Amino acid sequence: MEQIYLTIALAPLVGAIFAGFFGSLLGRMATTVITIAGVLISTVLSFYVFNHHVLEGGEVFNQNLYTWMQIGELNVSVGFLIDNLTAIMLVVVSFVSLMVHIYTIGYMHDDAGYTKFFSYISLFTFSMFMLVMSNNFMQLFFGWEAVGLVSYLLIGFWHHKESAVEANLKAFLVNRVGDFGFLLGIALVLMYFGSLDYVEVFASLGNVTGVTMLDGTSVITVICILLFIGAMGKSAQVPLHVWLPGSMEGPTPISALIHAATMVTAGIFMVSRMSPMFELSETALIVVMVVGAITALFMGLLGIVQNDIKKVVAYSTLSQLGYMTVALGVSAYSVAIFHLMTHAFFKALLFLAAGSVIVALHHKQDIREMGGLRKKMPITYWTSLVGTLALIGFPGFAGFYSKDMIIEAVHFSQLPFSDWVYVAVVIGVFITAFYSLRMFFLVFHGESRMDEHTASHVKESSISITLPLVALAIPSALIGYLTIDPMLFNGWLDNAITVAANHTSMASLEANFHGANGMIPHALQTLPFWMMVGGIASAWVLTLYRSQWADWIQKKFHRSNYVLESLYGFDRFNDIVFVGGIKKLGNFLWKVSDSGLIDKILVNGSARFVGFIASMVRPIQTGYVYHYAFFMIVSLLIILTWVLFAGDNPLLEL
Amino acid sequence: MGSEQIIFYFLSFWLIASSLAMIFSRNAAKAVLFLVLSFFSVASIWILLEAEFLAITLILVYVGAVMVLFLFVIKMLNIDKSTLRAKFAGYLPLGLIVALIIIAEMMLVLGNAQFGLDVMPAPARHGADYSNITELALQLYTTYVYPFELAAVLLLIAIIAAITLVHKKEINRKQQSISEQVNVRAKDRIRIVSITSPSKENK
Amino acid sequence: MNNMYTFDTSTLWAALPEIFLLSAIVVVLLLDLFLTKPFKQATYYLTQISLFITGVMAFNLIDQPQTIIFSGSFILDNMASVFKVFMIGSTMVAMVYTRHYLIQHALFRGEYFVLVLLSVLGMMVMVSGYSLLTLYLGLEILSLSLYTLIAIARERAGAVEAALKYFVLGAIASGLLLYGMSMIYGISGSINITDIANFAANADLASRETLILNFGLVFLVIGIAFKLGAVPFHMWVPDVYQGAPTSVTLFLSTVPKVAAVAMLVRILVDGLGAMHAYWADLFMVLAVLSIALGSVVALMQTNIKRLLAYSTISHVGFIMLGFVTGVISGYGAAVFYVFVYILMSLAAFGIVILLNKKGFEADQISDFKGLSKHSPWFALMMLVVMLSMAGVPPFIGFYAKFFILQQVISAGFVTLAVVAVVFAVISAYYYLQIIKSMYFEESDKDITIVAPMDMQLVLSINAVLILVVGIFPDFWIKLSLSLF
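Protein sequences appear in the order of chains A, B and C.
Residue numbers for the first sequence follow this note's numbering, so the first one is 2 and each next one is one higher.
Residue numbers for the second sequence follow this note's numbering, so the first one is 14 and each next one is one higher.
Residue numbers for the third sequence follow this note's numbering, so the first one is 5 and each next one is one higher.
Isolated chain A (complex conformation):
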């Protein structure tokens, strides 16, 4: 098996190396074949591994393959821990990556950086494999940094765009903040556990429980929160989410692969991996849950005011990541992973579909300038429909099962604040449905608002683009129905996830679970379903219904002005209450949270602060040698005084 695991990880690396160093020699065709072959091998083997571990119940594989370095007692190795969690992640990552590779052939067809792009995404796939297969914190961190680095390179892929360069700088810096927390967390793990190996750390958790630091805070809590800060950076949780919308400057396949399906879920994966540790800290779980809820609700609101097709999907990604985080917070790790998996499929699908639209419209991304694409792009239309329905949790589709389970898990949670969180996630359902359908209607239905030149050229995308769409639409529709039972309640993840006995969400969920079939009729009686229906309806009213009615009334009832007036009034009402109100709120949040608070105060503010300090220090560097000499002597004086009278070892006590 060891060879198989190694092959899974290394096949994309080989592809990346060939494409990266010899891409221009090999030419496009050969590069494409090599990289796709690499990922294909990984995908096939991942399914094999999935079968072996998850379906046949194979032994957990945990082995160090290579000792990287030995510092004193600390052993840093490259090693694999393959359990069911890893196996599921492998399948998700490899499958989505394969689809994106194929998709790229069509999407990047005209781009000069074609081979470079393939090299990057293969490299990314390799890094992501290393991350999920890791059996220790160090390798996890490497994978973590490596995916971040590739993501950084890819956001700035079109570096002739000023905004792309800015976005990748932002992504890198924001992620450094997260990494900094993560690294400190790892350092504390090392300090208190003396090891970086997962199994060893989890085995000695008992010794550290109850140990405190920094005036009585539990060490476990501190470690968990620091690790979670790392997860917040990667998984774009408020307030470290600002980079993700910016990352949409990168090519769309990247948005699908990295910024929707895989890399951004690394934080979710990591927290699930650490479940034995997080379970010991109520405080950390509450933090996780609340941050997740804030992200889920407020990022969704922002989605409403976006007009860029990719931005809408990006904000919905943020919001869905918030849902996963909430699930983690209420100890429903398996539900989080379940949602991670379904989300990977349908969100990748949505992004790729958006990309398909963008290509067809010659890189126009404003949804106000689209419309009526249903007839012209039937495959994209139908697959998008599947993706959208999965996203909003339409009964029967993949997202329905996973999201409903999250909401139920929150409902059953005993943690403080969980009632509020429940409210937030339920409202979130309405919002999700609203913006998703708004975009969907604006893009595919209604009148075409494109200019004639563009409209005349629109046609369905090529096979390499539509094939992945179809391939992703199938799991987006079915995967939830097929896997909910074994994944959540029949122990697929039992050997990877630990839930403390006093966290009863999962147990309550199981008690109230009546099979995948039973969920649909049950859902019809619950609030989230009607919230979703409300969302769809409002979206329909505000995007299609109103404009069609307006046209129709103008033709038929041109004398009945008052009807028009009153309809207009109705419309106004809608406008003020729904669009206006929510829009204003969204705009307000956008201004306050995104551009105002975070951009101006945190990002620019800290930059300005650092600059201020730097300019304060600079005048000391006058260039006059006697100033320098004087500075030295004064420093000497200060140090002498300090040594004599103060410090830890005062020599004179007067």
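The set of hints was computed from the structure by calculation and includes no laboratory data.
Only a predicted model underlies this, so the values are computations on that prediction, with no experimental measurement involved.
Beta carbons: idealized from backbone N, C-alpha and C, even for Gly.
Don't take each hint at face value.
Far from chain A, by Cβ distances over 12 Å, these chain B residues were calculated [said to hold, decoys possible]:
hint, residue
1, Ser57
2, Ala137
3, Asp142
4, Leu149
5, Ile191
Below, simulated EDC-like cross-link-like pairs (lysine to aspartate or glutamate); rule was C-alpha separation at most 16 Å, straight line [claimed, not checked]:
hint, chain 1, residue 1, chain 2, residue 2
6, C, Lys440, A, Glu163
7, C, Lys362, B, Glu193
8, A, Lys162, C, Glu446
9, C, Lys377, C, Glu445
10, A, Lys162, A, Asp112
11, A, Lys162, C, Glu445
12, C, Lys361, B, Glu193
Derived CB-CB ranges, DEER-like [stated by the list, open to error]:
hint, chain 1, residue 1, chain 2, residue 2, range
13, B, Ala164, C, Trp17, 18 to 24 Å
14, C, Glu159, B, Leu61, 49 to 55 Å
15, C, Ala161, B, Met89, 21 to 27 Å
16, C, Lys482, B, Leu105, 55 to 61 Å
Mind docking chains B and C on chain A? Use the hints.
The following block gives chains B and C in isolation, referenced to the frame of chain A:
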């Protein structure tokens, strides 16, 4: 108080006084002469400590050679005293405060408690037949041969440095660069400027 | 004679590399006099050969049992030998980079190479110095050569000014160092490290009589801090780095740091190890100040040499952090950081030199604009160096920082580690600036690389090593740990 101590305090007084005078002297030549005086005082103190050879070397090398060289340099250079003094006066108060605090702190630490005669007794006196130079030579060429050689290297560097920095080679000489002449391109040399003809302009 | 005066020529083998190097210096110096202009290049090759042979000699002395000769003022141990080999190797690399620059800027003179050899000799003396006197003499040999090297571009006002500043401030620092040494000698009665160590181990450090030991320690720490360029004794660093010819800056910023660390180890660890609690406090403050100032002030720089100077200051802070821990593995981490720092710094300055052309000093960050277009390979190399300096895995710079932080945390200084990491994050920003201008900005000038193949090759190997050693760091870490 023995006669030795009286002599010591007398010499020390002159040492400090001449050093101060050297620092505060307005005239560079006078400053050098005060420095010479302070060297003499030091040398005399060394003789008191039975380090006759070192004392004589100090006078021969520093007073005889280095200071004379200094005097020549000062005579040749025209040093503008006023600007030096203006800066000096400006920084004096602050410098003085810092210096005084450091001195005070030093005195807290370095004193009779550590170096008094009761803690560190004076070494035994040697007889009249004791040869300072022989002892020194023996030490230098056995125990301290390594530092001694290193000091020699240091002098070698000083020589190289002095010559390198002062000796002028062909750096400032103007000369033909044939390769550049051969490689020159027309557009580097000639710039063609289009000038409108005045006759047309007048039309 | 009595046995007080002993000098045993049979032990001279331990100092063979130094003896050979000194002889070689004299030969090179004399030969250079007689070389006519077409053969001037011979001095360069002679220098490299001399260094190589010296390095081989030093290499052969690795794993010899610890030997102390010259009446206790010279020590041969593994640290000395490994440091010597590393210093000589780095000097050889630096010389390869230097040659191109010297030719381009009409500085190619025999004295240059002789002075470099002399400074290497001084550093070897420091590394093997086991008495305060030899350490000091080694330091002076090094410093004097460096002052001259900086001023060798005497028609440049900046270089002369830099040399003068370095000289004056260096003299003050030397004075402080000597003063500290005299205090240590005064109280312990010896200048040999072994005797001082014995004295310090047996002294009652809390008593008022030994106050002077602590006092002397302060002066010694300041002297060492100056050499390392730690805040607040760092003022010379940016000015000198900027003013000196880039080839000298390259040398100055790399190899002498090894010697300074060696001096630190000899005096503070070997000699005054018993007083660790006292000097660790000082180090902690100096280290934090260095990391903070180095990281923050660098943000404002537009001159790449100045920027690298501040980056050096912050690296020095990290090195000092390793010594704060007071455990052998911490010292090992610091030494590992030194190795890594030198590897990175050589490559960084190497690339700065690479862009030099006749009459054109490429020392502004803006000179790197669009490098990825004109020379994608070296842009990639610079990217590697910058990411490594910023501490991004899997490059070697990450391990160095990680190793230090791990040691600092396990020694219990969590706050210290947090502060260090915060500033490391800030410093990532200015490394990124360089990457940004290389990759994302268009050049207004034409960048052509005129450097000879040997330099390009060595530079490439140097930069690739940053990645390769990053992937296989085990050997270097073990090596660093084995030195104590």
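Hints and how they fare:
1. Distance check for serine 57(B) against chain A: the nearest CB is about 31 Å away, which clears 12 Å, and the non-interface claim stands.
2. Annotated as non-interface, alanine 137(B) keeps its C-beta farther than 12 Å from every C-beta of chain A; the closest such distance is 34 Å.
3. The claim that aspartate 142(B) is not at the interface with chain A holds, since no C-beta of that chain comes within 12 Å of its own (minimum 46 Å).
4. The claim that leucine 149(B) lies off the interface holds: its Cβ sits roughly 34 Å from the closest Cβ of chain A, which is beyond the 12 Å cut-off.
5. At roughly 41 Å, the least C-beta separation between isoleucine 191(B) and chain A is larger than 12 Å, which holds for a residue marked as non-interface.
6. For the proposed pair lysine 440(C) and glutamate 163(A), the alpha carbon gap of about 11 Å is at most 16 Å, so the pair holds.
7. A hinted pair counts as satisfied when its Cα atoms are at most 16 Å apart, and lysine 362(C) with glutamate 193(B) qualifies at roughly 12 Å.
8. Of the supplied pair hints, the one linking lysine 162(A) and glutamate 446(C) holds, its CA atoms being roughly 12 Å apart against a limit of 16 Å.
9. Proposed proximity of lysine 377(C) and glutamate 445(C) is supported: the alpha carbons are some 10 Å apart, at most 16 Å.
10. Simply put, lysine 162(A) and aspartate 112(A) have alpha-carbon atoms about 14 Å apart, close enough for the 16 Å limit, and the pair holds.
11. Simply put, lysine 162(A) and glutamate 445(C) have alpha-carbon atoms about 11 Å apart, close enough for the 16 Å limit, and the pair holds.
12. For the suggested pair lysine 361(C) and glutamate 193(B), the alpha carbons sit about 14 Å apart, so the restraint of at most 16 Å is met.
13. Between alanine 164(B) and tryptophan 17(C) the CB atoms are about 23 Å apart, so this pair conforms to the stated range of 18 to 24 Å.
14. For the hinted restraint 49 to 55 Å between glutamate 159(C) and leucine 61(B), the CB-CB distance of approximately 51 Å keeps it satisfied.
15. Evaluation of the 21 to 27 Å hint for alanine 161(C) and methionine 89(B) yields a pass: the beta carbon distance comes to about 23 Å.
16. For the hinted restraint 55 to 61 Å between lysine 482(C) and leucine 105(B), the CB-CB distance of approximately 57 Å keeps it satisfied.
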